[in-house]
Structure formats: C-alpha cells, structure tokens
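Listed below, chain by chain, are the residues.
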Amino acid sequence: MDEKDLELLRILEENSRLSTDEIATMTSLAEAEVARRIGALEAAQVIMRYSTVVNWEKAGNGEVSAIIELKVSPERDFGYDRIAERLSRFRQVRSLRLITGTYDLQLIVTGKNMQDVSRFVSEHVAPMDRIRETATHIIMKSYKENGNTFFEQPETERLPISP
Amino acid sequence: MDDVVSLGVGEPDFNTPWNICESSIYSIEQGSTSYTSNRGLQTLRDTLSRYLAQHYGVNYDSNSEMVITTGVSEALDIAVRAITDPGDEILIAQPSYVSYGPCVTLAGGTPVPLRCTEKDHFKINPDTLSEQVTKKTKALVINFPNNPTGGVMTKSDLKAVADIIIDHDLVLISDEVYAELTYEGSHCVAATVDGLWERTITLNGFSKAYAMTGWRIGYLCAPEELCDAALKIHQYVMLCAPVMGQVGALEALRSAEEDKNSMVNEYRLRRNLFVAGLNRIGLPCHVPEGAFYAFPSVEKTGLSDVEFAERLLKEQKVAVVPGSVFGTGGEGHVRCAYAVSRKQLNEALERMDAFLKSL
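Going down the list, the sequences are from chains A and B.
Number 270 in our numbering belongs to position 102 of the first sequence; there are no gaps in the numbering.
Number 46 in our numbering belongs to position 33 of the second sequence; there are no gaps in the numbering.
Chain B on its own, in the form it takes in the complex (with noise of 0.2 angstroms):
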C-alpha cells in the first residue's frame, strides 16, 4: 500500500548519532572484530556503571552486578529463565510490550496479567497488585515509562507499591528501556526505592535513546547472585553482545548526550502537537509523560480498537496498533507512535480526523 502514514513503528525516526556510527566504523576498521567477555566490554561497563551513578543514583559493581547483552529483549528472556520455576506465577503490569507474556511461558511460568487503567494513568494500582498475589506468585515485570501507552511511576508512585513487593517476596523485573524519553521531571530508577534494589533486576539499552536499535545492545543490571544466574544463560546462549555494537554503545555514552538531548526535546515537541490535535479532533488521550507512544481512547466512536485500526488503514491510510495487542487494558485503545516527522503527524491528524468524520 503505497502513500501510508505509518504511526505503527515502535522506534525512533533519527539515524544513529555520526560520533556513534563513525566510532564503530574505526573500530572495524582497526581490527576490533573478535568476542568480548561474556559480561561485555570492562571499559562500556565502568562507564556505564559511572553513567547510571551521576544520571540515576543507582550503583551497580561493573564486574559483579552488570552484563550487557544482544539488546533489552535478550536480558529480558534471561532475566526471566534465571527466577523462573516450573509454575510460577509471573505478573505483567498491561498494557504492555509484547514479548513479556511469551517470554514468561517459554520458560515455563504462567503469565498473569495486572491491569493498568487510564483512570490511573496508566500506573500500577497499588490495591489492584495486592489483589492479584498468590502464593505462587514470583515476580512482577513492568515497563516505565511505558510502550504503549506512555504512562510513568514517579518515585512515590513506586514506593506505593514498594511494601507490596517487599511483603510477598517478588523479584521485580524492570525494563526501563525508555527512561531517557522522560518529559516532565527525570525518571526514577525503580531499584533507587528503599529495599527494591536486593530484589530488582533492571534492564535497560541504548535503542530508544540513541536511535540504535538495530545495534542491539541492551544490559541486565542486578545483584551478584541474580546477575550471576542471568549471566549463566547469556554466557550459553549468547557468548557476548555484537562488540561493534557495544563499541557504537560506549561512543553514545561519551559523547552523544547532546544528540540525546536534542531527540529528546524534538519528540516532545511533537508530543505536545499530536496529543493536542488528538484531542481536538475528538479522540481523548491522557498525554503520555514518556517514551514516544500516545495511547487515545477510541470507545466513543463505537468500534472496537481492532476495527478501528483496520478502517482507518484502509480508508484514509493511516497505521495505528490496536491497544488489545498489548494485553489487559489496552482494548478501546490505539497505539499511535509519534516517532514520526511533525509534518506527517500533522498529515495523520488531517487523516484521522477526515475519517472519524466519516463514521
């Protein structure tokens, strides 16, 4: 289908950073090709490690607690497989990313959902989690701030749901791929709230934030012994991450905060213009406090999220995702990434508004 404007792309618009790319290229260049420890680069690791020090305040030992790995999807599963036994019981904050309720039956637990309402902002309802733990229950996952739907925990938002954790035992697994994109204030690393870090295993990378996820370099932060379990599977499974990538991804931290920096801003713009036009055209949307998703509501106009999309896709060529891909919650819902140029924002909105118009 030709001439779509497509706002279904769960990534940035912006080429890598040159500095980035042009490091790597040099690195190839001089012959750096070959493995890397299991763990990654020493030198991307203490630099890392310094990194989530001065910008979150959160301290992990470069050699004892931090393996980087083929992107967050791969410290995601092994993060998973290391605490995951046979019928456990897993929970996922939803609407969520795709891949955590597969990921959690490969290896061999049950997948629970925990729903997230917009009423709440998108945030994890502290009496809604204490509701939904078992005996069984293992581990939550969550993602924030979150794709799809942009939603954030503030650091009393986390420390609501701190003592539930911390009575029930769980491991919280926290994907914090797209801390960087944070609008209003900075984000909180979920293992900075009292008594979370000894049972937090946090993963991060550097595709959302340096427009590199085809370089798939992600990290798995974690204390000895959880990190140590972790480490075993990659070590297996993965050996290292790609070492061109890992080159690619120390140059980001070095030098390409002000890239950062102004991506950063450029996606807020455009979040402030799209989430307004949204609005105005009659589809209601919290605004998103991060990542590059907004999440409107599309119940008022009678169809579902899934028809909605098709309909919108065929007759004014537009792509959104429907909100029930992404688990509980996100039904009556479409994703809209707005990692888009504003001029094609401004095209979707003409778009969408011309067919809602239509119904």
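Just chain A, same shape as in the assembly (with noise of 0.2 angstroms):
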C-alpha cells in the first residue's frame, strides 16, 4: 500500500464508476498500472465491493432504519467476537460496530416497516444470549450518510467571468 494505492482508494471511493482509462489520465499512471493495482486492492479485500449511496427515502419504498445499541457480556476467549459475528449474519443488519461507552455493540438494522423493525429485536436480537439489554431508536431522517449530504443546498451565485 503506498500513496498511488491510497490516492486510487480516495478517487473510487467518491465516485467507482469512473473508468480506469479517466483515472489513469488523472492520477499520472499508465492505465494498466492502474487497473493492477485496483486488482490487487480487491483481491486483498481493501475494496470490499462498489456500491452506490441510495438516499431511500427520496426514493419512497417506506423502509425503516434504526441504529440499535446492545449490552452484551462479553465471552470469555473471545470477547465480543462471536456473538458479533453471529449477529452479522442477519440480513437486517446492515452495520455493525463495537463501541465504547454505555452500550458495547451498536447495530444499524433495516426493515419495511416500524413493526418489522421491533419484531426483529425482540424476537431475534434480544432474546439472544449473553445480551443483557437493548435500546432501539428509529432513524426519523438522514442528513447525511457516508459524507454525502441529504439536504439540498442552494447553488451559489457566482460571476459567469471572473479574472
């Protein structure tokens, strides 16, 4: 990993849809180069995979997001590990961190509907073992997600000229 890889990382992480022909002309390398090294970042898993930041709620399927924080007891031998892992697996669970504070485990779940939500947690998520408590806040609106903003904001008048 050295600056050209971190460089290519910054450049496909705002925008993976550009061709490797443009990013070459951009970033000074030869477009084979290019194309190697963004190779070689997915196969060593630093690129995960290319995905597009959706704002879902313009596009008004009436999914319900909510960030859920978990107090777990940890294990011993493995911590927090293999229960976050057992709760990676679900579907609904679409993020998943270990954090300090209060809570251990903060989850970000999607479901159709409020309801769908909550029968997720109570049925699935809390019942589960070594979880000692859950709180449940449902994400009423997006502002911003993975340093894209959500609002609208006004275009700026500038002079058509300038020197």
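Keep in mind that the hints were calculated from the coordinates and are not lab data.
Keep in mind that this is a model prediction, so the values were computed, not measured.
No residue lacks a Cβ here, since even glycine has one placed at the ideal position from N, Cα and C.
Each hint should be verified, as a subset may be incorrect.
In silico DSSO-like cross-links for lysine-lysine, where the CA-CA straight-line distance does not exceed 27 angstroms [to be verified]: (1) Lys312(A) <-> Lys273(B); (2) Lys370(B) <-> Lys312(A); (3) Lys226(A) <-> Lys356(B).
A few chain A residues that don't get close to chain B, going by computed Cβ distances all over 12 angstroms [said to hold, decoys possible]: (4) Leu186; (5) Glu190; (6) Asp249; (7) Ile276; (8) Arg298; (9) Gln321; (10) Thr324; (11) Ser330.
Covered stretches of chain B, as calculated for chain A (at least 3 residues, CB under 8 angstroms) [unchecked claim]: (12) 169-175; (13) 283-295.
Build the complex from these two chains, which are given one at a time in their own frames, with help from the hints.
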C-alpha cells in the first residue's frame, strides 16, 4: 500500500464508476498500472465492493432503519467477537460496530416498517444469550450518509467570468 | 445564455470549508463586530507569522513587517503606491493578472510589460529582464504560480533573476496568492532567495487556497520601512480588513489544513485530466505546475484568441478568456480555469473538440 494506492482508493470511494482510462489520466499512471493496482486492492479485500449511496427516503420505498444499541456480556477467550459475528449474519443488520461508552455493540437495522424492525429486535436480537439490554432508536430522517449530505444546498452565485 | 460551461471563472468552485464559516458566524454572535487594529488582529498576525516560517521558511515579524489587507487586491494597490514616484517605470511580468498595470498607472507610474513566453514555460527569462531594465525602473511585479499561465518559478529560477534585481536596486513585488496551489514540489517564496528579502514585498491571501474569495482577506509582508509606507496608505483608505473575514482567516490557518489539501489534490486531478484532454483534441498546452489555469495555444486554428473565445462561446457555449486580456505574451492563447467539476471539464472538452472539428 503506497501513496498511489491511497489516491486510487480516495478517487474510487468518491465515484467508483470512473473508467480506468479516466483514472489513469488523472493520476498520471498508465492504464494497465491502474487496472493492476485496483485488481490487487480487490484481491486483498481492501476494496470490499462497489456500491451506491441511495437516499431511500427520496426513493420512497417506505423502509425503516433503526440504530440498535446492545449491552453484551463478553465471552471468555472470545470477547465480543463471536456474538458480533452471529449478529452480523442477519440480513437485516446493515452495520455492526463495537463501541465505547454505555453500550457495547451498535447495529444499524433496516426493515419494511417499524413493526418489522421491532419484531426483529424482540424475537431475534434481545433473546440472544449474553445480551443484557437493548435500546432501539428509529431513524426519523437522514441528513448525511457516508460523506454525502441529503439536503438541498442552494446554488451559490458566481460571476460567469472573473479575472 | 443557458447551458454554458464556464471555464472563465478565476475562483474556486468549492464553498469555504464549514469550520471557517462556523467560527466566523460564532464570532459575530459573540459581538465581535468592531474595527481591528490597522495592521489586523494580533492573533491572526502571530499565527500567520508562524505559519509562514514553518511552511515556507520565510520570517516576518508580526508587529512590524505585516499588514492584513482587504484581499490581495488592496495589498497590491498599497504596495505599488508605497514605492512609486511619478515617472517611475514598473516592470510587470506578463501574461499577468489584469490589475497590475492599471494599479501602476493610478499610482502615477508607467507600467512596462516584461514578456514571458511559452518556450520558457512562462518563467521570467533573465536576458529579457536585463534588456528591459532602464535607469527609470523602480520595481518588478511578479506572480508565480501565475494567473493565467499556471507557470511557476522554482528557487533556481528565482536565483537566476535575483542578481539582476539586486544589481539594479529594484523593489520586487511578489504576488504569491496561488502559492498553496503548487502541484510539483513545493512553492518557493521569492523573499527566501539570498539578497531578495530586504527588497521584496510579499503579497498573499486566503482566497484561492481556502476558497475564501468573497471574504476579502489578504496580507502584505515586507521589511519594516516598506511595510510602514504601505501601512500608512492602508490606514487612510481602508482602516482595517473586515473583522469577520479576519476571524475566518485565523480559523483557516488553525484547522483547515486538511480541507485545503483535499481541494489542492482535487485541482491536481482535474489539471491532469483537462490538460491531457486539451492536448488530445489538438490544443497544445504546457503542463501548468500551479494555480488552476490551463493556457493552451490556439494558433494552429488560424483564429485569434479573441475570435476563438467568441466563436467557442457562441457555437458551443464554452466560456474561456482570450489570452491577450492578460497583456503581452498572452495573445494566441486562451485561459481555461479548471476550478470546475470533472464532469463539467469533460463536457467542455467534448464541446471544444466539436468546435475544432467544425473549423
């Protein structure tokens, strides 16, 4: 991993649909070199996959997301890892992190509606061994996701020509 | 006219980083709305003095060798007025920003263009400089990285002209507002070259590096005697730079380093994309090493730079600025500012390609 790799990652994270040709021109690398480096980053799972930041509220499919916080008793020898892995296998769990503070694990869960989310938490998450407490926060509105703001920013006026 | 892709704008397309805006808004809420000292906020000058020493290895005392101005435009005006006597000739390295000549004229001096050519990568040619200096020459005005050419002067380039400046006892006015936008290596402040500090007025500001054009904050640094002369004019015509802008500038120095770096990096990617594109469609363009302008030659099209710009706007709705606007040496070129999104740059290239094919 060198400076050029980091630069490619930054470019792709911002827009993964650029062609290797265009990336090569921008970075002053040969196209084959760009392809080779990206291939290596994919193979090493540094690039996990190419996805899209969707504003689902705008898409209007009515899905509901929630942040779920969990207090968990860690296991001898494994800490939080085994229970985290178990939780992460659920399709409904979009993100899962170990955090500091009052709670131990934080999940982002999506479901078709609020009942769907609450059923998932009460039937699958809360009863799981070693989970001592849950707190569910339904997401009411998203303002920013992965560096992308979801609110309209007014066009600023610039002079059409300036010296 | 709708649907125009404008490459004519000499300012960043980014908004000012939010931490800068936020700190300025907060300071207004806290009632910080009064005059500052003529020289500018003490904390801003102290921080700036340290920043210049750390980043560029140039030392200016924050209490006697520095004035915060209302943009570099004001800094240029007071610098020229401070040193110009009626009849003095002031050499201006051209192509250049449009206000140098008029500022000299307004100050009662005579602007004399010093031609920089594409052959020299738009740097100052020492021989040309020697030929142009007369007994009446008082000063030389330079701007590197350069608007409109993107040319830069490295330390060795500057050393090559320093002796001429010293031998003829000239004042050097160095507008370095694009210093942070240097893509290969690091910017050399002219005053760091041996023998130049004591005769150099360094001008710089926050507009380009931090996307703060509308805030109007620049600065002038010079040895005490020169600085005092400029300060005298500043205190009568401006009193002080706007306080909210100064607060924003302070925040820029304190915590916008990463924002600045990511903007500079984006300009570099755009430059590579756009300059390669210009050369591909048949507009030869040297690689600009600084600022955010490409300055391709349009001579091969058989059109003058003015005709080229007018027809490109009318026929393909792409706005560029004819090079002759920027004085001697600009003719036969057009200035394209690549401070627009990559998408717009690609669109502009496609339209320019179509325009060239229609000729």
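Here is what the structure says about each hint:
{"no.": "1", "hint": "Lys312(A) <-> Lys273(B)", "result": "holds, 22 angstroms"}
{"no.": "2", "hint": "Lys370(B) <-> Lys312(A)", "result": "violated, 44 angstroms"}
{"no.": "3", "hint": "Lys226(A) <-> Lys356(B)", "result": "holds, 24 angstroms"}
{"no.": "4", "hint": "Leu186", "result": "violated, 9 angstroms"}
{"no.": "5", "hint": "Glu190", "result": "violated, 7 angstroms"}
{"no.": "6", "hint": "Asp249", "result": "holds, 33 angstroms"}
{"no.": "7", "hint": "Ile276", "result": "holds, 25 angstroms"}
{"no.": "8", "hint": "Arg298", "result": "holds, 40 angstroms"}
{"no.": "9", "hint": "Gln321", "result": "violated, 8 angstroms"}
{"no.": "10", "hint": "Thr324", "result": "violated, 7 angstroms"}
{"no.": "11", "hint": "Ser330", "result": "violated, 5 angstroms"}
{"no.": "12", "hint": "169-175", "result": "violated (count 0)"}
{"no.": "13", "hint": "283-295", "result": "holds (count 5)"}
Hint compliance for this structure: hints 2, 4, 5, 9, 10, 11 and 12 are broken, all remaining hints hold.
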